[in-house]
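> Chains A and B, in that order, give the protein sequences. Our numbering puts the first residue of the first sequence at 522, with every later residue one more than the last. Our numbering puts the first residue of the second sequence at 6, with every later residue one more than the last.
Hints listed in this document are in silico derivations from the structure and should not be mistaken for laboratory results. Heads up, some of the hints might be wrong.
No farther apart than 25 Å at their CA atoms in a straight line, the calculated lysine to aspartate or glutamate pairs in the DMTMM-like style are these [unchecked claim]: (1) Lys22(B) to Glu715(A); (2) Lys22(B) to Glu58(B); (3) Lys22(B) to Glu144(B); (4) Lys82(B) to Asp129(B); (5) Lys82(B) to Glu26(B); (6) Lys82(B) to Glu715(A).
Restraint-style ranges between C-beta atoms, simulated for each label pair [said to hold, decoys possible]: (7) Leu529(A) to His136(B): 19 to 29 Å; (8) Asp75(B) to Ala660(A): 48 to 58 Å; (9) Asp706(A) to Arg242(B): 42 to 52 Å; (10) Ala49(B) to Arg596(A): 19 to 29 Å; (11) Ser312(B) to Pro678(A): 17 to 27 Å; (12) Asn523(A) to Ala137(B): 48 to 58 Å; (13) Val579(A) to Met226(B): 37 to 47 Å; (14) Glu252(B) to Gly645(A): 48 to 58 Å; (15) Asp635(A) to Arg143(B): 38 to 48 Å; (16) Glu257(B) to Glu572(A): 33 to 43 Å.
Think of the CB as a built atom: it goes at the ideal place given N, C-alpha and C, for glycine as much as any other residue.
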Amino acid sequence: MNALQPDLEMLRAYVHGTLDAEVSEAVRAWLYTGATEDELMLYEALVQEREEARAQLVRAASSPMHSKIAYALHRLGSTLAGGGDALTRALQLDGFELLSRDPDDELATGVSSDQTIDVQLVLGADGAFVVLCVEAGGAVTQLAEGVAVAGERIHLPGFQLEDGDDEVVIVALIAPGAAPRPSDDKPTGAWLLERVLTPPSGWRVVHHTYRRIRFAP
Amino acid sequence: MNTAVSGLPALPRHPSKAEVEAFLAEHEATLWQYWRTAFRGSFASPRRFVSHEDALRFGSPERAATYIADRLVRRLKDPEITLHSAAPWEDLRTWYNWSVGKLMAARIATGGDRIPAKRWVLPDWVQPVVHAWCRTVREAAHQTRIPTFEAEWLYATVRQRREVAKLLRRDGDGSPWTEAQARGLLPGLDRQGGSNADRVARSRRGATTCLRFDILHKRDMLLQADALIAVFVGPVRDAAANPPMPEAAVDEALASALVAAARMMWALVDETRRTRSATTAARLDAEVLARGLLSESTRIVPAEHRSLVAAGWPRVVEEEG
C-alpha cells in the first residue's frame, strides 16, 4: 500500500473526488496514517467548503423559476430601468418618513429577518403598473396594481423575509397607458418570465433584490 | 455523504461542446444563480481565492460575484473556448481558476504529471487496518448524514493513530512523516478553529463521533447491535449541533444497552493492552476504540438518561500521548 503526502491542490482534488483511483487511495492512506492535527483541520475545512457549496447548489436547483426570473432580470439589465422609475425603500424614523433610494449600483440590499421591508414605487412617466414579489421558492405574489401619474409614490404593503427565504426579488412592470395585465388572472412565474424575457413594446421593468443578512455564528 | 441531493446533474468528465450546450440550454439560469450566491459566500471564507482584481474592482461582493458568474457562463458559451475537463460544481475554486483562464484541466484530471516527491510504501499490515477503519467511517458518515464525520473522526483519533507513524519509523522505512513545518500544506493552514474553546468543542464532538464509530466497528461483538446502530449511528437531528443528537428516541432500555456495549468494548481494550502477544494492528485498533469510551461520549444520550449511563460507564483512563 502506498501513501502519498499531497500538496494543497491535490488535497482539494481529493476532497472533490477528481483524483485517479490509485492516487486517491494513496492520499487516503496518508490521511489515516500520517496527517497531523493541523493537516486534518485543513482537510475538515475543505470538506466544509465543499458542503457549503453543495448546499448552495441544492438551493439554487430547488427553485428553477426563481433562478430563471433573477437571471432574466439581470440580463435585461438597467437599459429599461431608466426614465425615473424607481423602487425605493421607505424608512420610518420617529414618525418621520425617510425615503432612501437603494443605490443604483447595488444589485441587492441586505435585510435582517425581523425587519419589515417597506417599498415604494415611483413612476418616471404616467402608466399602469403591477408589482410582483418573487420568493426564493419561485412563488410569485402580487403586491400592488394600478394606474399612476409621473412622480406619484405608490406605497406597497410591507413584507418580511420568511424562514427559509434567502432572497426575494421585487419586480415592477410598467406599461404606458394600458394595464400591464388583466387583473382577473393570478400572476405566475411563467407569466412574469415571459414579459421579462420579451417585454412588450413600451414597457418598463424595474427590479430590486432583498437578501437576508447572515451573521456568522 | 449522500450525493443524491446534489442539485444539478454533473457534466461528463470531458464534455464535448454539444454536451455543454445541451446542459446550458436547460440549466443556465440555475448555474448562474448558484455561482452568484456561492461566490458571494466565498468572499467571507478565510481561504478566499478570488483574485484581488476581481474583489476590488466592483466594490461589493455582490457585484464581484455576479461578474464572476457572468464570466463563467460567457466562457462556457464561447465557441472559441473549450472546456477540456469539467470539475464538480461544488469545486468553486477550480471553476474560478478556469474563469480567469488558468489551465485547470491537466492539473486535476490525471494527477500523472504532478505527483509530489513524498511517497511511501506502507508495511503490509497497515492496509487491512486502514481499509477497515475507512469502511466503518464512510458507512457511519453515510448513515448519520454528518458530512464531516470522517474528518472529525480522524482528528479525534490522531493521537491514538500516531502510533502508526511511530511504528513505521521504528520498522526502518526511514521517517516518512516529517514535521508539519516542512510540509507543503502549511500555506493552506489558517489556524481557524485553533483556539482553546474550539479545541474543547472539538474534543466533545470528537468523543461522540468516536463512540458512533466504535458501535459500528464492533457490531459483531455487541448485544442488540442493530438497535444501537439504528439509533446512535442513524440520522442525527442537527449535524451542526455539539454533539449531534440522534433523531430517533432513546429509551431506558437502549441507554442500558449502550452501557453494556461500552463495558464490553472496554473489556476488549483492556485485554488487548495486557496481552503481550497482541499484534500491532490489534493494539492500534484497541487504542482507537478506547477513544470513543471516554465519559465525554455519554453526551450522545439525551439528558434524561445521562445519569443512568454515567453511573455504569467504564472508567476509562486516557493516557497522555
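> The structure should be examined with respect to each hint, and the outcome stated for every one.
Going through the hints against the structure:
1. The suggested pairing of Lys22(B) with Glu715(A) is violated, with an alpha-carbon distance near 28 Å, which exceeds 25 Å.
2. Between Lys22(B) and Glu58(B) the CA atoms are separated by roughly 30 Å; this puts the pair beyond 25 Å, and the hint is violated.
3. At most 25 Å may separate the alpha-carbon atoms for a hinted pair to count; Lys22(B) and Glu144(B) exceed this at roughly 38 Å.
4. Among the hinted pairs, Lys82(B) with Asp129(B) is inconsistent with the structure: their alpha-carbon atoms are about 50 Å apart, more than 25 Å.
5. Simply put, Lys82(B) and Glu26(B) have alpha-carbon atoms about 7 Å apart, close enough for the 25 Å limit, and the pair holds.
6. Our distance criterion of 25 Å between C-alpha atoms is met by Lys82(B) and Glu715(A), whose separation comes to about 23 Å.
7. In this structure, Leu529(A) and His136(B) meet the distance hint of 19 to 29 Å, their C-beta atoms being roughly 26 Å apart.
8. Checked against the hint of 48 to 58 Å, the pair Asp75(B) and Ala660(A) fails, with Cβ atoms roughly 26 Å apart.
9. For Asp706(A) and Arg242(B), the Cβ-Cβ distance of about 43 Å falls inside the hinted range of 42 to 52 Å, so the restraint holds.
10. Hint check: Ala49(B) to Arg596(A), Cβ distance near 27 Å, so the stated range 19 to 29 Å holds.
11. Between Ser312(B) and Pro678(A) the beta carbon distance is about 53 Å. The supplied range of 17 to 27 Å is therefore violated.
12. Under the hint 48 to 58 Å, the C-beta atoms of Asn523(A) and Ala137(B), about 18 Å apart, miss the expected range.
13. Checking the proposed 37 to 47 Å range against Val579(A) and Met226(B) shows it holds: the Cβ atoms sit about 39 Å from each other.
14. Checking the proposed 48 to 58 Å range against Glu252(B) and Gly645(A) shows it holds: the Cβ atoms sit about 55 Å from each other.
15. For the pair Asp635(A) and Arg143(B), the beta carbons lie near 41 Å from each other, so the given range of 38 to 48 Å is met.
16. Our hint of 33 to 43 Å for Glu257(B) and Glu572(A) holds, since their Cβ atoms are close to 35 Å apart.
The structure fails to meet hints 1, 2, 3, 4, 8, 11, 12 from the earlier list, while all remaining hints are met.
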